[in-house]
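Asker: Each chain, written out:
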Amino acid sequence: MLKQIEGSRAVAEAVALSRPEVVCAYPISPQTHIVEALGEAVKSGALAPCEFINVESEFAAMSVAIGASAAGARAYTATASQGLLFMTEALFNASGLGLPIVMTVANRALGAPINIWNDHSDAMSQRDCGWIQLFAENNQEALDLHLQAFRLAEELSLPVMVCMDGFILTHAYERVDVPAQEQVDAYLPRFAPRQVLDPAEPVSIGAMVGPEAFMEVRYLAHAKQVQALELIPGWADEFRRAFGREAGGLMHTYRAEDAETIVVALGSVIGTIKDTVDELRAQGVGIGVVAITCFRPWPLAAVRAALVNARRVIVIEKTLAVGIGGIVSNNVRAALPGSGAAVYTVIAGLGGRAITKASLAKAFADAIAGRLEATTFLDLDRQVVERVLAREREVRRSGPIAEAVLKEIGPVAARPG
Amino acid sequence: MRKPFAITLDPGSSLANHTGSWRTLRPEYVDRLPPCNAACPAGENIQGWLAHAESGDYEAAWRLLVQDNPMPAVMGRVCYHPCEGACNRGALDDAVGINSVERFLGDEAIRRGWGFPQPAERSGKRVLVVGAGPSGLSAAYHLARAGHQAVIHEAGPVAGGMMRFGIPKYRLPRAVLEAEIARILALGIELRLNAKVTDLLATMKEGAFDAAFLAVGAHIAKRAYIPAGSSAKMLDAVSLLRSMEGEAKPMLGQRVVVYGGGNTAFDVARTARRLGAEESVVVYRRTREKMPAHDLELEEALQEGVMVKWLSTITHAGESSITVEKMALDAKGFPHPTGEYETLEADALVLALGQDVDLSLLEAVPGLEIDDGVVKVGPDMMTGHPGIFAGGDMVPSERTVTVAIGHGKKAARHVDAWLRGARYVPPAKPETAAFERLNTWYYSDAPKTVRPLLDVIRRQSTFDEVVGGLDEGSARYEARRCLSCGNCFECDNCYGVCPDNAVVKLGPGKRYRFNYDYCKGCGLCAAECPCGAIRMVPEEI
Chain A
1 MLKQIEGSRA VAEAVALSRP EVVCAYPISP QTHIVEALGE AVKSGALAPC
51 EFINVESEFA AMSVAIGASA AGARAYTATA SQGLLFMTEA LFNASGLGLP
101 IVMTVANRAL GAPINIWNDH SDAMSQRDCG WIQLFAENNQ EALDLHLQAF
151 RLAEELSLPV MVCMDGFILT HAYERVDVPA QEQVDAYLPR FAPRQVLDPA
201 EPVSIGAMVG PEAFMEVRYL AHAKQVQALE LIPGWADEFR RAFGREAGGL
251 MHTYRAEDAE TIVVALGSVI GTIKDTVDEL RAQGVGIGVV AITCFRPWPL
301 AAVRAALVNA RRVIVIEKTL AVGIGGIVSN NVRAALPGSG AAVYTVIAGL
351 GGRAITKASL AKAFADAIAG RLEATTFLDL DRQVVERVLA REREVRRSGP
401 IAEAVLKEIG PVAARPG
Chain R
1 MRKPFAITLD PGSSLANHTG SWRTLRPEYV DRLPPCNAAC PAGENIQGWL
51 AHAESGDYEA AWRLLVQDNP MPAVMGRVCY HPCEGACNRG ALDDAVGINS
101 VERFLGDEAI RRGWGFPQPA ERSGKRVLVV GAGPSGLSAA YHLARAGHQA
151 VIHEAGPVAG GMMRFGIPKY RLPRAVLEAE IARILALGIE LRLNAKVTDL
201 LATMKEGAFD AAFLAVGAHI AKRAYIPAGS SAKMLDAVSL LRSMEGEAKP
251 MLGQRVVVYG GGNTAFDVAR TARRLGAEES VVVYRRTREK MPAHDLELEE
301 ALQEGVMVKW LSTITHAGES SITVEKMALD AKGFPHPTGE YETLEADALV
351 LALGQDVDLS LLEAVPGLEI DDGVVKVGPD MMTGHPGIFA GGDMVPSERT
401 VTVAIGHGKK AARHVDAWLR GARYVPPAKP ETAAFERLNT WYYSDAPKTV
451 RPLLDVIRRQ STFDEVVGGL DEGSARYEAR RCLSCGNCFE CDNCYGVCPD
501 NAVVKLGPGK RYRFNYDYCK GCGLCAAECP CGAIRMVPEE I
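Protein sequence lines, in the order shown, are assigned to chains A and R. Residue numbering for the first sequence follows my numbering, starting at 1 and increasing by one per position. Residue numbering for the second sequence follows my numbering, starting at 1 and increasing by one per position.
If you're looking for bench data, these hints aren't it; they were derived computationally from the structure. Quantities reported herein were computed from a predicted structural model and do not represent experimental measurements. Idealized CB from N, CA, C, for every residue including glycine. Errors might be hidden in some of the hints.
As the list claims (entries may be wrong) - Calculated from the model, a selection of chain R residues having no Cβ within reach of chain A, i.e. all distances over 12 Å: (1) ARG2; (2) GLY262; (3) TYR424.
To be verified - Cβ pair distances, simulated, as ranges: (4) A:GLU230 x R:ARG513: 50 to 60 Å; (5) R:ALA16 x A:GLY67: 16 to 26 Å; (6) A:GLU230 x R:LYS3: 19 to 29 Å.
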């Protein structure tokens, strides 16, 4: 059924259709609307049977989800930003124990300085925590990825993080096609846990494992993610057959077949990039897009196949790995040994700064003309940073950086965009 | 079930890791001395009997109480309760109303007719107790419970001593006193009334006593020289209060002046009001801060209209007036005359200047040391004469009923040991449970219960009891305000906070033990114990 609804509501409907038995909720922007909507559904009885648990922190949210999942319940939670960091320890436990928890991350910057707007710093900081990480391009895909996430998680016995850009998607009202309950029930079978708790046969889950077996456990976690790379495309096909539309998979390409220049990105920025590419194509530029849906496991072979014939690859990154630059671009480089393609890292949109077609077009043109540096920052106010750096060289006690930058920019500084 | 590799293991496997070996500090359960117990002159286990009272087992509370003090109903009325002054709860809101709970237990025992158990064995030893006041009765009680035959020689016509002849009825109704005395005597104690001992050694020999405990009260009023006209009416406080017990009440007139600043002075002034005096004035030579009378006594007297003339001495007593000289305190706090005089109308002057003990019975006893009107005793309460012990007003100490009862207990323990040719060594006292050791926020807020007071107007004409008792609900509530300082009350806090599950519950009333195989010595239990009953001790490594 087509609905004009907020992205958060669309995700909440998808989660509710997936019949979770435990929802752990702790509010944090921009995720809060999702658990609010689920809370309403549980209270009204629309989502039943389901235990909606108001927990006291994100650490508790993930811990309760772990307990629920270990006990055999389909468990869900959602978070963002500092909330994701706060549950870091539990994230590793959930994946280490192989518990098929599904979590939405409404992507948001990390402090300090505190910032509630979108970038990918939060999800990227947890890229090695053992969870499967899927990135949604738009609200329809966010909805669809959640349906797939439960299937994926339970088939593999691994937790899945569905990442959607905070505010840009979570708070945007768009048309989405919400499937019927029967469709979802047909696609997503009841949760059959890998192991069931039985008081008659007690076990210890997650007890200490020494050097004699720890490495093997970690290897098995890796092997399972590699195995997921083979299985995910098949499940995307199955989804298309069941629901009649494309969603999920490892990645998808856009006008990339004969492109000399390919732009790689994740999330909602793909839409802007596609529009920019369309305009450049109209001017005769051979440029295309590779949109990564599955960032973990990293689809090494699929990325290589998509990029291997390109002369240059431009990676638009909504995260800065301080001290090195890009994260996605490093993964891309790992997929391209010996291809001869130049890989550019463009850090863009940090802390909610708008990524405009004009700026993208200029960056792409610079790359094609050989003027782009290996790592650049899209729309960075060079004057401001130069002045702050100069003052820091002169004055030993130069004060906090964030305040110095705001002082340079003036009173409208905190405006997003 | 096929288990996920190395993720799901057999249960209980970590018990093989004896994490207790990492410990450098070891927690230990301790019983610290609650400040109330430490302050009690009668050595009562107050925290212990409050714990029984708060569980509603009043008989168990009373039985624990009377192991130290056989007169809770009297105590609950006349004790100046230093326990409440020491109570840690006083630093939180108000001290626990220990005295009112004690009175409730005492009254409950009288109402229900609880008695003392007879001693299991009799020693065949005979102990002479001189004086049937609080100290003598206490000693006789403890000696009887230890199996000895106590015989009390009392000079007066009834038992009770200063409790009867010094404390007015409105503070201690005589029925209460008599009930508690009768219960003590029911242990088989022989009481001989009107039997003043004049020659101690002769009496001991005559009665074949193996030891003696002397507990003669301070019944002789101290005198001061006051120039007086021939028709001035002057009395002393001791004989005035004593005459209140007789048939003929003393005639004091409309205006009564009492000279002195102790509790007795106020007892007299309050008695005078009840006998019909319109003016009852206490004249004291120093200030309120310096006055030995207890605050409660002064407060109740002021409520009843008693007046106090501070910084004044009486220089002359006439037929219907006295002359008073104003005093001034010097830098050291001593009063000095100022030469300013004043005249007060007075139909009677009562001197309440302190009391002495009649020590004539000791004249023929060798080895005794008498100093400043009292007998010297050792830490075992024994005088310089072997086998003769003394306590109460006779020995250097504060003179209160509670102190006297404490002396009786202490002396009885030493007499008992001495009779067996042994020495009584009191058990070492644990360190005090200081307020700083408590985690008071674990306890609920609970304001103190106030005991009912008789209307002031009734206190001016009758000798009805001024302070009322608590009913059962209020007494139990008050007992529950006890913080159980330094003594485990099984709140499960340590059991709950232990991250190693190393606290083992032993069942109701049996407390806990530590499983040192797994206790890592983190100290959470000690830090979070509400009452400070866990200490951390360094391990020897």
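Asker: All hints are to be evaluated individually against the structure, with a verdict given for each.
Answerer: Each hint, compared with the structure:
At the 12 Å boundary, the C-beta of R:ARG2 falls inside the reach of chain A, the nearest C-beta of that chain being 8 Å off. With 12 Å as the threshold on Cβ separation, the claim that R:GLY262 sits away from chain A holds: the shortest Cβ distance comes to roughly 61 Å. With a least beta-carbon separation of about 56 Å from chain A, R:TYR424 lies farther than 12 Å from that chain, consistent with its non-interface assignment. Our hint of 50 to 60 Å for A:GLU230 and R:ARG513 holds, since their Cβ atoms are close to 57 Å apart.
The supplied range of 16 to 26 Å is met by R:ALA16 and A:GLY67, whose beta-carbon atoms lie about 25 Å from each other. For A:GLU230 and R:LYS3, the hinted distance range of 19 to 29 Å is satisfied, since their beta carbons lie about 25 Å from each other.
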